[in-house]
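Undergrad: Since each chain comes alone in its own frame, lean on the hints to assemble the complex.
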Amino acid sequence: MASKLKLLAAAMATVGLLAACGGGGGADTTPKAKVTSVKVMGDSLSDSGTFGYKFTVQGNDPTTGKPYLVWPERIADLYSTSLCPHYKPTSQTTFVTANAGCTNYAIGGAQINYVDASGQVVNSPISVLQQIKDAGAAGVSSNDLILIDGGANDAAALITAVLTYQSAAATYAVTGSPADGAKALAAQKYLQAFLASKIDTATLTALLSQGSDGIVKAGGLYMQTLAQNLATSMQTDLLAKGATRIAVLNIPAIQMTPKFTTVLAQIAQAQGTAASKQAEALLDGWVSAFNATLKTAAGNDSRIAVVDFYTEFKSQISNPAAYNFTNATVAVCSKIGTDELSTCSADKLAANIPQGETSPDWWKSYVFANSFHPTPYGYQQMGQLVSRSLAQAGWL
Amino acid sequence: MKKPMRISAAVLALTACGLAGAQSAGTWSARVGITHLSPDVSSGNLSAPSFPNTKVDAGSNTQLGGGITYMVTDNLALDVPLATPFKHDLTGAGAIAGVGKLGSTKAIPATLMLQYRFNEAKAAFRPYVGAGVTYAHFYGEKTTATLNGLSGGTLANPTTAELDDKFGALAQLGFVYQFNERWFVDASYSKSFLKTKIHLSSGQSISVRLNPDVFSMAIGYRF
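Heads up: the sequence lines are chains A and B, in that order. When we follow my numbering, the leftmost residue of the first sequence carries the number 1, and every step to the right adds one. When we follow my numbering, the leftmost residue of the second sequence carries the number 1, and every step to the right adds one.
Keep in mind that a hint or two might mislead.
[Unchecked claim] Here are the simulated lysine-lysine pairs, PhoX-like style, with alpha carbons at most 25 angstroms apart:
no.: 1; chain 1: B; residue 1: Lys87; chain 2: B; residue 2: Lys106
no.: 2; chain 1: A; residue 1: Lys32; chain 2: B; residue 2: Lys166
no.: 3; chain 1: B; residue 1: Lys197; chain 2: B; residue 2: Lys106
no.: 4; chain 1: B; residue 1: Lys101; chain 2: A; residue 2: Lys32
no.: 5; chain 1: A; residue 1: Lys348; chain 2: A; residue 2: Lys314
no.: 6; chain 1: A; residue 1: Lys34; chain 2: B; residue 2: Lys101
no.: 7; chain 1: B; residue 1: Lys166; chain 2: B; residue 2: Lys106
no.: 8; chain 1: A; residue 1: Lys364; chain 2: A; residue 2: Lys348
no.: 9; chain 1: A; residue 1: Lys133; chain 2: B; residue 2: Lys101
no.: 10; chain 1: B; residue 1: Lys122; chain 2: B; residue 2: Lys197
no.: 11; chain 1: B; residue 1: Lys87; chain 2: A; residue 2: Lys32
no.: 12; chain 1: B; residue 1: Lys166; chain 2: A; residue 2: Lys34
no.: 13; chain 1: A; residue 1: Lys259; chain 2: A; residue 2: Lys348
no.: 14; chain 1: B; residue 1: Lys166; chain 2: B; residue 2: Lys87
no.: 15; chain 1: A; residue 1: Lys183; chain 2: A; residue 2: Lys133
Rather than coming from a laboratory, the hints here were simulated on the basis of the structure.
If we strip away everything but chain B, and leave its shape as in the complex, we get (with noise of 0.2 angstroms):
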């Protein structure tokens, strides 16, 4: 497509939203569905004092899930994944396996992606990789009586843990394919990397690649 009809069709999106072809540049889309975020979790030890060898593990969640896309140009997207926020369970690994849940914390990752789009505006089938940041938000995090008592906490003092909040990497593969001018699904896969610092209160801390594997899989909408 040349480059003036790219504009004019921009304009038109601008004037008339809703009339300009599929997934053109200017137009805006939103989509609803499920993220599931799976961490890949590679642990550090804990710091002293604590069994050498302690580590964790962090478990996967699904949540409400979907975005808000913005063409830049026919190829050229801005998309911002938005989900409900992920409770993950924080688990033993390492001289501790075993033992359980350790505690819960839930997170926010707020991400902005840049995608390239294959394909025409209009194709039906837009496969497209992407690369983005990622801000991940860890708040509400609940420890448990096992941790407690593995870091000699007690009942009118308790172990409590924070999560450092972190910038990440990712990319991104997926495609969208569109059922006709309004409606599309949009599926994608993402490996985000990221790495945080979890805070017990007894002094010790722990550095862990959360490295999520990122599957989204939604039903979306062009205005």
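Chain A on its own, in the form it takes in the complex (with noise of 0.2 angstroms):
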């Protein structure tokens, strides 16, 4: 019996010697799609340096000992690429090519429809449109994957121009001053000018006759359009070309951003906070018309991935905790005393711990780095975001 016990030991022990063997985790980095080449086309939140610096804090992140990384440069890292700035600038609106083998066409500040203060449409590169045309010319394969953001800039133009005009009005409205009546009709002019760059005179003037509900309407009719001029920039440009893979991230709830909160908070103070609950009501609407219209023209086209940035950067602002951020209302670099984020730096930041905070690296986890744009691993949390969508079209 104890023979037969020893030889049961002994298959037991065998078990465990196979149980013994392996190791540690291992990782395979080679995905999905074969991807060459990656593209980008966008505003402040996808430049990699078209002004020398990017759009997030200042410095270079102690793990690889190179500048903190925006949210394409990640992406294009997990494919074996990197990417460099597709222009260089002669002035905030006008752009020459700086290298034709770079293929980040991204710019801070571009618009789908750049609107400049004169009241004109701008056809630079600082638009978007113009962007995916120079890209599409330059040549696009089904090897590249683009990358695309856009229309958040133009959605804060919009309700700029609209909280301007209506500010301008109240105040004539009160001090009946000729100077004030000529700056609320400049207002009137302009946010006319603005809309009438992409809704028709007739449907426009229909619009504006109604008021401020028309106002409303017509700040709708305005965000859808970008949204389809975009798809059918998308469609004619790039993929009526040979691409096969578009991500294009939808707009984020930007009246959740320091910048709109602080003009909500103004709005709160002057107008009481029925008028502050209306004017994020009016921008959440246009932000999700927009939204809305560019998910119906992508429709279930399967070259395009339209990232939804809109309800995660929600839940991100409302659910901090669980993305590991400590602050997600507050602009680190005005804790020292900036919104101008080229000369925000780590090293200032880390000097510079402010009360509540006790370590140098309280910045790393608030979510924004100015009033309008993330720290960097608020871009990380953006690269995740966006890698959740590639890897659910099959790319990743």
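TA: Below, the structure written as structure tokens:
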């Protein structure tokens, strides 16, 4: 009996020996899809240095010894490629090709429809549609992964034009002074020119005759038209030319950025909470109108992945702890008295630990770098969000 | 069967191995076949930072299986199921449903079952019930570019994963059908209760109840 039990013990030991082999975890970082080039079009969130800096905290990531990455750079890395700016600026709105081989066309401040201060549409690369056209003209292929974001600056410009007009009109209604009258008229003209750049005259005139309701509707129509334009550009300039993979971000809930929470707080102060809530809903409505149209326009085309930045951004702001964010309301650069990212460095932030924080790394877990842009960690979260959509599309 | 007879059967088995009746006390048998292991996953949520409600699922796997059985008495058996290492794909679920494969892990369950076999030792058909313990060893974890992207990893510093080795319990139903004195077929279903934790190199972890359903079918030989 004893020898038999020994045999059993030996059998168990064999299992034990088998079990002892193997070891720690490895990684196979080969993506599902063969992607040899990552091409990027968009605004500041996607810009990897057109103006000589990125739209986040400046400085080197201590884990890599290289400058902090924005989200498209993180995606490019997953495909063993890197990005460099395609354009270089000759002014805020004019650009020349910096390096034809560089495939990041995104430019800080870009809009789908860039309307300058005089009410004129600018068709330079400051227009996301122009960037898409340039990228298409340079050539696209089925080995490309194309990343696009846009529309947030358009929505911001739209609400700014509307709020400026409403505020000027309200001031004139109180003071009745000719100077305020002139300001109100100028603001009205600008708003009309702004909207007229995308809405035909008859429709716009009919809408504006309805007063503030009409402005709300005109804003919605404006944003829907931009989404339609963006979708058309993607079809004509990219997909029709052989591209097979586009990931496009919708507009995040920008009413939750410090830029707009500040504006909304000012409205609440001046005109009451109801007016502030109304402005917030207005902005959210316009952004949602754009996003819904973009989603519909993309339809079931398997070559387009619409990344739901809107929903995820809302989730991050309302549930920051789930993402290891410790602050989702305050911009880190504001703690050193600036909103200008080019001068807001990691070193300065580390050297100026604000009240309530204890570590030199305090700023690393905040959502916002300045009032409208994420910290490097915020960009990492964006990269993860886009990765999810890419994986769901079968591309990562 | 009376006790003295059982003892004498065991003695006989010891002294003249193989002359005793089928599946009586003291006999040894071995079997070879296939084992299918199908995790019935109930996933926790990946800890922060992650998309809220991030879950995982695990795929099933079939391997060469079998085992060794020792009859302690005519009715009580000690059984050690054996199998070549299982390989399970881990896929995204919940907030990351549809992303596909996140990684894979190999698993070796070292298991000891105590079975009660009904009917007489010589009966052709002997159903049995069993209970046991298993120690699941996970190794060879391999993550994908998908997990890397989802967890903020980079090419230079990809996110890897490790699974905790864990003890689990099993309940078993099965039967042995003996063709003759030597050869038999053994089929069983076991429900394993096994919980493990997956740790990512990016810092997050997720608790997962794997609770696999284990189906085995084997041809055996009694020594």
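Undergrad: Hint by hint, note whether the structure agrees.
TA: Results of checking the hints against the structure:
1. With a C-alpha separation of about 4 angstroms, the suggested pairing of Lys87(B) with Lys106(B) holds against the 25 angstroms cut-off.
2. Restraint check: the Cα-Cα separation between Lys32(A) and Lys166(B) comes to about 32 angstroms, which exceeds 25 angstroms; the hinted pair is violated.
3. Note on Lys197(B) and Lys106(B): the hinted pairing holds, with a Cα-Cα distance of about 14 angstroms set against a maximum of 25 angstroms.
4. Note on Lys101(B) and Lys32(A): the hinted pairing holds, with a Cα-Cα distance of about 10 angstroms set against a maximum of 25 angstroms.
5. Taken as a hint, the Lys348(A) and Lys314(A) pair is broken in the structure, with Cα atoms around 29 angstroms apart against an allowance of 25 angstroms.
6. Distance hint between Lys34(A) and Lys101(B) is fulfilled; the C-alpha atoms sit about 17 angstroms from each other, no more than 25 angstroms.
7. Distance restraint check for Lys166(B) and Lys106(B): the Cα-Cα separation of roughly 14 angstroms lies within the 25 angstroms cut-off, and the hinted pair is therefore satisfied.
8. With a CA separation close to 13 angstroms, the supplied pair Lys364(A) and Lys348(A) stays within the 25 angstroms bound.
9. Among the hinted pairs, Lys133(A) with Lys101(B) is inconsistent with the structure: their alpha-carbon atoms are about 36 angstroms apart, more than 25 angstroms.
10. With a CA separation close to 45 angstroms, the supplied pair Lys122(B) and Lys197(B) exceeds the 25 angstroms bound.
11. Between Lys87(B) and Lys32(A), the direct Cα distance comes to roughly 20 angstroms. Compliance with the 25 angstroms bound is thereby established for this hinted pair.
12. As the CA atoms of Lys166(B) and Lys34(A) are separated by approximately 38 angstroms, the hinted pair breaks the 25 angstroms bound.
13. Distance check on the hinted pair: Lys259(A) and Lys348(A) sit about 22 angstroms apart at the alpha-carbon level, within 25 angstroms; holds.
14. With a C-alpha separation of about 17 angstroms, the suggested pairing of Lys166(B) with Lys87(B) holds against the 25 angstroms cut-off.
15. A C-alpha spacing of about 37 angstroms is found between Lys183(A) and Lys133(A), which places the hinted pair above 25 angstroms, so the restraint is violated.
Checked against the numbered hints given earlier, the structure breaks hints 2, 5, 9, 10, 12, 15 and satisfies all the rest.
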